[in-house]
Amino acid sequence: MTVLRDFLATLYKMFAADLVMSLIALATVGICAAARGLVGAAALPYLLTAGVVVALTIAVLRGSRR
Amino acid sequence: MVTFATAAPIALAAFLASAVEVVEAFTIVLAVSIVRGVRPALIGTSAALALLVVAVALFGPLLAMVPIHGLQFVVGALLLVFGLGWLRKAVLRAGGALALHDETAAFEEETSSLRGAARSSAADWLAGVAAFKAVLLEGTEVVFIVLAVGARPGLLLPAAAGAAAACALVLAAGVALRAPLARVPENTLKFVVGSLLTGFGVFWCCESLGAAFPGGDWAILVLVPFFLFLAFALSRLVRSRVSAVAA
Numbered sequence: 008m009t010v011l012r013d014f015l016a017t018l019y020k021m022f023a024a025d026l027v028m029s030l031i032a033l034a035t036v037g038i039c040a041a042a043r044g045l046v047g048a049a050a051l052p053y054l055l056t057a058g059v060v061v062a063l064t065i066a067v068l069r070g071s072r073r
Numbered sequence: 003m004v005t006f007a008t009a010a011p012i013a014l015a016a017f018l019a020s021a022v023e024v025v026e027a028f029t030i031v032l033a034v035s036i037v038r039g040v041r042p043a044l045i046g047t048s049a050a051l052a053l054l055v056v057a058v059a060l061f062g063p064l065l066a067m068v069p070i071h072g073l074q075f076v077v078g079a080l081l082l083v084f085g086l087g088w089l090r091k092a093v094l095r096a097g098g099a100l101a102l103h104d105e106t107a108a109f110e111e112e113t114s115s116l117r118g119a120a121r122s123s124a125a126d127w128l129a130g131v132a133a134f135k136a137v138l139l140e141g142t143e144v145v146f147i148v149l150a151v152g153a154r155p156g157l158l159l160p161a162a163a164g165a166a167a168a169c170a171l172v173l174a175a176g177v178a179l180r181a182p183l184a185r186v187p188e189n190t191l192k193f194v195v196g197s198l199l200t201g202f203g204v205f206w207c208c209e210s211l212g213a214a215f216p217g218g219d220w221a222i223l224v225l226v227p228f229f230l231f232l233a234f235a236l237s238r239l240v241r242s243r244v245s246a247v248a249a
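Protein chains in written order, with my numbering: chain A, 8 to 73; chain B, 3 to 249.
Treat each hint with caution, since some may be false.
As the list claims (entries may be wrong) - So the derived list for chain B, only partly shown, Cβ under 10 Å to chain A, looks like this: (1) V56; (2) A59; (3) L86; (4) G87; (5) R243.
Stated by the list, open to error - With a straight-line cut-off of 20 Å between C-alpha atoms, the simulated EDC-like cross-links for lysine to aspartate or glutamate are: (6) A:K20 - B:E110; (7) B:K135 - B:D104; (8) B:K135 - A:D13; (9) A:K20 - B:E188; (10) B:K135 - B:E105; (11) B:K135 - B:E110; (12) B:K135 - B:E111.
Quick caveat, the hints were computed from the structure, so don't treat them as lab data.
In this text, all values refer to a predicted model and were calculated from it rather than measured experimentally.
Beta carbons are placed, not taken as given, at the ideal position from N, Cα and C, and that holds for glycine.
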């Protein structure tokens, strides 16, 4: 039972150690997918990279306050 | 067609990420083998490896059935989130906001925990479970990394080769030293692996959305150093914030 619990905890840590960061990153991917027709394919790499930079920066600033 | 610009970073990412995970699993297995003997360590490790092989045998063919664009989108998003997790932890550890992972301390903690249980009749069983758990949990991350970075056609082989090389190297070093591999620069590796995984995540998400970076596959060689530079810059920021709080 503890093995299963630790296994699930590992899966959680792999993808959601900082839930806010993961959600911002995934939201950025979603926004890029939705905005593909609106902003044009050429802008997507920069939009996605910018979103990832914001997600990491927010996560680090939140983490450094704890 | 798989280019060197794609295959080399894939093999490197799998090698470095697997090295970090295998070092952590090896520490626990070594503690088990020293306190309780080689038998429970080998049984626990073999059982976990068998379970991981079954998981790969089950999920590998399933992944092959998913259309490549859909798979690349999902895997890209997962790699992105997973890579960001590694980068975040590396930055916070380098900046002093989180304690660095210490293999010697982990080894001593596991050893004393196993010695505490040594008098109970189920001590061998508990030791075997400890080895099983360590290999299964760290191995899960290795399997995910290999399957994820190797998800594009032709890339599974370099990814698997990178992971296998890391396992062989860590085991050879560990068996030779018979001590925890505390001198492996784990946090530096986390910076590099986090940057690689995040770079691949961004690149593959874009590609699956029909958007291409200028330079095609070679853009990976710009994305990875970009995230590495960003992570180092953020770690300096964290260090200054931690120092300001301590002062």
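The hints, checked one at a time:
no.	hint	in the structure
1	V56	14 Å, violated
2	A59	18 Å, violated
3	L86	6 Å, holds
4	G87	5 Å, holds
5	R243	5 Å, holds
6	A:K20 - B:E110	24 Å, violated
7	B:K135 - B:D104	19 Å, holds
8	B:K135 - A:D13	8 Å, holds
9	A:K20 - B:E188	18 Å, holds
10	B:K135 - B:E105	17 Å, holds
11	B:K135 - B:E110	17 Å, holds
12	B:K135 - B:E111	15 Å, holds
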